[in-house]
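Enquirer: Sequence:
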Amino acid sequence: MHTFHPGFARLAFLRIACLLAGSIAAIPAMAAIADAPYEWRNVAIGGGGFVTGLVFHPAERGLAYARTDVGGAYRWDAAARRWIPLTDWIGRDDANLTGIESLALDPSDPQRVYLAAGTYTHERAGNGAILRSSDRGASFERADLPFKLGGNELSRGNGERLMVDPNDGRVLFLGSRAHGLWRSDDRGAHWARVEDFPALATSESATASNHANRKQSIGIVFVAFDPASGQAGAPTPVVYAGVSSREGGLFRSTDAGKSWQAVPGQPIGLRPSHMVRDARGDFLLSYGDEPGPDTMSNGAVWRYSPARGAWTEITPAPQSTDLEGDGFGWGAVAVDASNPDVIVATTFRRWKPRDEVYRSIDGGRSWTPVLEHSEFDHSASPWTAQATPHWMADIEIDPHDPDRVLFVTGYGVWASRDMTAVDRGGTVHWMFDDAGLDETVPLDLLSPPRGAPLVSGLGDIDGFRHDDLRSTTTQFAKPPRYSNTESLDYAGRKPEFLVRSGHLHHPDPAIVRVAWSGDGGSSWTQFTREPPAGEGDGRVSVAVSADGAHVIWQAGGAPHWLTTDLGDHWQPVRGLPVGATVAADRFEAARWYAFDPSNGQLFTSRDGGASFVEAGSVTAIDGRFHGDLLASPLKAGVVYFAAAGNGLLRWVDGKTVRLPGVDSAVAAGLGAPAPGRNVPALFVSGVVDGVDGLFRSDDEGGHWLRIDDARHRFGSLRMMTGDACVHGRVYLATGGRGIIYGEPRP
66 MHTFHPGFAR LAFLRIACLL AGSIAAIPAM AAIADAPYEW RNVAIGGGGF VTGLVFHPAE
126 RGLAYARTDV GGAYRWDAAA RRWIPLTDWI GRDDANLTGI ESLALDPSDP QRVYLAAGTY
186 THERAGNGAI LRSSDRGASF ERADLPFKLG GNELSRGNGE RLMVDPNDGR VLFLGSRAHG
246 LWRSDDRGAH WARVEDFPAL ATSESATASN HANRKQSIGI VFVAFDPASG QAGAPTPVVY
306 AGVSSREGGL FRSTDAGKSW QAVPGQPIGL RPSHMVRDAR GDFLLSYGDE PGPDTMSNGA
366 VWRYSPARGA WTEITPAPQS TDLEGDGFGW GAVAVDASNP DVIVATTFRR WKPRDEVYRS
426 IDGGRSWTPV LEHSEFDHSA SPWTAQATPH WMADIEIDPH DPDRVLFVTG YGVWASRDMT
486 AVDRGGTVHW MFDDAGLDET VPLDLLSPPR GAPLVSGLGD IDGFRHDDLR STTTQFAKPP
546 RYSNTESLDY AGRKPEFLVR SGHLHHPDPA IVRVAWSGDG GSSWTQFTRE PPAGEGDGRV
606 SVAVSADGAH VIWQAGGAPH WLTTDLGDHW QPVRGLPVGA TVAADRFEAA RWYAFDPSNG
666 QLFTSRDGGA SFVEAGSVTA IDGRFHGDLL ASPLKAGVVY FAAAGNGLLR WVDGKTVRLP
726 GVDSAVAAGL GAPAPGRNVP ALFVSGVVDG VDGLFRSDDE GGHWLRIDDA RHRFGSLRMM
786 TGDACVHGRV YLATGGRGII YGEPRP
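Per our numbering, the very first residue in the sequence shown carries number 66; after that it's consecutive.
A couple of the hints might just be wrong.
[What the hints assert, rightly or not] Listed below are the simulated BS3-like cross-link pairs for lysine-lysine, each with C-alpha atoms no more than 30 angstroms apart in a straight line: (1) 700 - 720; (2) 280 - 417; (3) 417 - 543.
[Stated by the list, open to error] Each pair of labels, with its calculated beta carbon distance range: (4) 538 - 571: 21 to 27 angstroms; (5) 324 - 573: 53 to 59 angstroms; (6) 584 - 754: 42 to 48 angstroms; (7) 584 - 199: 28 to 34 angstroms; (8) 572 - 374: 49 to 55 angstroms; (9) 483 - 320: 41 to 47 angstroms; (10) 374 - 492: 30 to 36 angstroms; (11) 718 - 776: 39 to 45 angstroms; (12) 450 - 622: 34 to 40 angstroms; (13) 573 - 388: 17 to 23 angstroms; (14) 718 - 453: 39 to 45 angstroms; (15) 99 - 723: 17 to 23 angstroms; (16) 142 - 492: 49 to 55 angstroms.
Hints in this document: simulated from the structure, not taken from any laboratory. For each residue, glycine too, the CB sits at the ideal point set by N, CA and C.
From just these sequences and the hints, can you work out the full model?
Expert: In structure tokens, the structure reads:
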């Protein structure tokens, strides 16, 4: 570890840490925006989020797509062995479209792909849309729907709700959550409701309650065609649709979707989730007592033979295989396109011993647990060695290669290379095929001026020290191991000293929700204890003084607490309202800042954060504030922050100045200064001179460069930060596309 000597001058320290030099520059008047071409990549993590569905094209080998609950859709590039993101063009105003409710391919045209896009159905969410592509997702046309979709709601792993007629590619059906069945006759450009569809689809029985006991509409979760009932060029007569109801949710039309009747003899008491057709014309269905993924404690797998009108239960394993005794369901079922006797199915929420992939080679009469005879290769994403496959809501057999089977999890996609080995008593080998499919939700990003270029805090998978932005790595060394790392900070004069706070999905009294590192995040030690019991729950924010001696903690809805001995003792901070954001000066250890986003009040501390006094306020323009305080890495006493309609503000000695050009700022970050400059590079997500996008200024708003473009908008951003040592590099914390970083194009 390097030692910081307090006698060094501030800028001399940064020159040593980042090999930077600067000279004082005046701020010129605002000039016109210029475009600055950037190259954009994911910081390599590999997976990290719930992949909700997979679709292979039946006619073209190697063509497959994936959908996610909050991270958009992807196409598999078989030659490069990576996923290509298809929805990065969606901007902040349309970020609700990055949750993909369903995905459909045209079996007769490999060029066409359709996305049913919409993340939430709550009152603040906009309506969904059908995104239509005739070039494999390279570009899309948008057809707005008159209702909302729920790509990140209950049943999001069911499907597919959106389907293209295999005999007539002009015809599509879409099962909605609360508005029945819809049909398009012009390749998804226009939609009309199928008025004759049974009312069960919009009834109380087609709803469910999530983990927070909030009721959500589930509605119609899949559509399936019987292509043998029709002929090419005309709509397929026999169509099925599955309603997520325990009252018998499978319906059939024999007149191309005009009228519908319940399929006789079907199972009652469980909800259908997937339906696939085999080469003989039979259909296989998976069931659960709940739609998932939040809960599921019972289920089954059934075969339906339309020719005989017969139903046969082929559930692979009984409930007694659940060693916890709380039951499990069945996530999905798939069949080999070339051999109807080969079937695979996944358990859902069987926590002990674990979820399983079952395989049958005799049409479902007997089954083999595949994962009991498997080996997993974690080299592509080393952190997955500590994860267990779960939320296996979809499984697919490659129609062109029966050895290749893919199943989804809550953290990515596993793919086999030799599935048929298990039929001979051999071992199945699985690869984590998630290159390019980074669907993490970053909660905080930190770029210290010494050590790794980036340290991240992530939802569900803790966080990482990223020594190489293009190589995957393991998570933070434990203990402690958090479900979410929610807040990160470094000591300005000792940048190897980091603090982090976190959250546990399943609280453990032995885990303290704040930790420190003396080596830039390579190893961690949890604090001795938390503040007194009852002092807040939920998200914990943490900040550290410039010398690393003082740490302020605030848990959601609770007062601020200060420790000067890494948690041996805590004292309440005086003078701050609950909910105020705090930040430490990067140079003066006694100096702290705070901001109350509820009313715009500013505060300062000169006693190491023990007490704060009011230091002015910001008058609200639209009543909304982002609230992150960004202490300058170059000069004591200077703070920047994004204040929504108040733009980008600079706060110096109790006075705030609105920097020129920024109409509104949703998020902001600081980075290494440009050569010859003595101010940090400023990055903004917002509106500059009337243009919505991502921007950089090297002269405190005198000139702005637009750094994103029409193909790289990345939906909503939770935060952003510049690289402390590399001028121009910026890191984006997206709402579901992982960590994106951009650099000026050579």
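Enquirer: Verify the CB-CB distance for residue 584 and residue 754 against the hinted window 42 to 48 angstroms.
Expert: The hinted range 42 to 48 angstroms holds for residue 584 and residue 754, with Cβ atoms some 43 angstroms apart.
Enquirer: Could you see if the CB distance from residue 718 to residue 776 stays within 39 to 45 angstroms?
Expert: This hint holds: roughly 43 angstroms between Cβ atoms.
Enquirer: Could you check the hint for me, namely that residue 573 and residue 388 are 17 to 23 angstroms apart, CB to CB?
Expert: holds (22 angstroms)
Enquirer: Do the beta carbons of residue 572 and residue 374 sit within 49 to 55 angstroms of each other?
Expert: holds (52 angstroms)
Enquirer: May I ask you to test the hint 53 to 59 angstroms on the CB atoms belonging to residue 324 and residue 573?
Expert: holds (56 angstroms)
Enquirer: Is 17 to 23 angstroms right for how far apart the beta carbons of residue 99 and residue 723 are?
Expert: holds (21 angstroms)
Enquirer: Take a look at whether the Cβ-Cβ distance between residue 584 and residue 199 falls inside 28 to 34 angstroms.
Expert: This hint is violated: roughly 53 angstroms between Cβ atoms.
Enquirer: Quick check: does the Cβ-Cβ distance between residue 718 and residue 453 fall within 39 to 45 angstroms?
Expert: violated (54 angstroms)
Enquirer: Does 21 to 27 angstroms hold as the CB distance between residue 538 and residue 571, or does it fail?
Expert: holds (25 angstroms)
Enquirer: Hint says 30 to 36 angstroms; check whether the CB-CB distance for residue 374 and residue 492 agrees.
Expert: violated (41 angstroms)
Enquirer: Has the hinted range 41 to 47 angstroms been met by the Cβ atoms of residue 483 and residue 320?
Expert: holds (45 angstroms)
Enquirer: Tell me if the beta carbons of residue 142 and residue 492 are separated by a distance inside 49 to 55 angstroms.
Expert: violated (28 angstroms)
When held up to the earlier numbered hints, the structure conflicts with 7, 10, 14, 16 and fits the remainder.
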